[in-house]
Amino acid sequence: MDRTPLTPEQLGGLTEVANVGIGNATANLSQLLRRRCQIEVPKIAPLDDELRAMLAAPDAYLAHMQIRIAEQSPASIFIVMSKTEAHNIMAAVPKDALKAEGGLLTAQTVLRKVGEIMAGSFFEGLSQLLLVKGNLSLPAITVSSAPVPLETVLASMRKEEGERLAIHSAFYDREKTFKGKFVYLIGRDFLWIIFKWMNMVAGGAGAEARP
Amino acid sequence: MSGRVLVVDDSGIARTMIKKALADGGFEVAAEAQDGLEAVDLAGRVKPDVITMDYSMPNLDGEEALKRILAVDPAARVVMLTSLAEPMLREDLLKLGAKAVLAKPFKDEDLVKAVRAAI
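Protein sequence lines, in the order shown, are assigned to chains A and C. Residue 11 is where the first sequence starts when you use this note's numbering, and the numbers rise one by one after that. Residue 31 is where the second sequence starts when you use this note's numbering, and the numbers rise one by one after that.
Hint data in this document are derived by calculation from the structure and do not stem from the laboratory. Worth double-checking, as some hints may not be accurate.
Stated by the list, open to error - Lysine to any residue pairs mimicking SDA-like chemistry, simulated, CA-CA at most 20 Å apart:
1) C/Lys-50 <-> A/Arg-45
2) C/Lys-49 <-> A/Glu-19
3) A/Lys-191 <-> A/Gln-41
4) C/Lys-125 <-> A/Glu-50
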């Protein structure tokens, strides 16, 4: 059931943008792991209790990155994996693909690398599709094994943006040895960029109702 | 017109972009499908010169639809479009019989070139 304030056309446009971004991100992950990876069809949902619980799960590792597109307010990307899945993806990384940091390759260092790769290619895919520039604040990447201080992240974003939406999709390898969640937390600024792009593509549809 | 194309993508806005690019390139869009199941059905009925097929779709994905279409008509010409275009997937899809694999997002001229080459 649709729980967003968006029209079906707006949801469709946002889903395609998510598909391109998360698909590009997962394609690069495939190259790191040297195995085919897939994504589920992306979903768009309000940042509700269910999503908050996933982002604060005590048995999860989270990589968090900030992204800023077309000089709008920053949005957040989270890569969420259970500790078991994070260890599985660590085992899936070819030994020569990553150099251990400080001599020890851990699930957290692998997740950090996965976050860097996926956020970078997500951002690149979006920039090419939407024909916008921006920057990715990779130094902000953090990997946490405790419940993420989500409220701190939200407070660091502009407060006047109103309700936040999450674009999310699962990614996994074909052998299903691991599964993770890619979550892109957006505000009105980003929606407006999408609707302007939809307007350009469809000649008016999608941009009539500013969020 | 230089060919009839079946456009397959679950996204309405993606279909709009593809149709515009094809029309600008001189192609006729013979039909459009929103998932792999519909694509398999329409491929048999419409007999397009080329099919542009999204990879990630609900109900039946593009890879499975490609297999089913080629099983019925081994001469079918399918150009795959995917945001997951890494080398292993490209190789697998080409081995299955796709004429080309284009990475999303793509330039209009690259789509037209791939469809033209497939005919």
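Tested hints:
| no. | hint | in the structure |
| --- | --- | --- |
| 1 | C/Lys-50 <-> A/Arg-45 | 34 Å, violated |
| 2 | C/Lys-49 <-> A/Glu-19 | 17 Å, holds |
| 3 | A/Lys-191 <-> A/Gln-41 | 18 Å, holds |
| 4 | C/Lys-125 <-> A/Glu-50 | 24 Å, violated |
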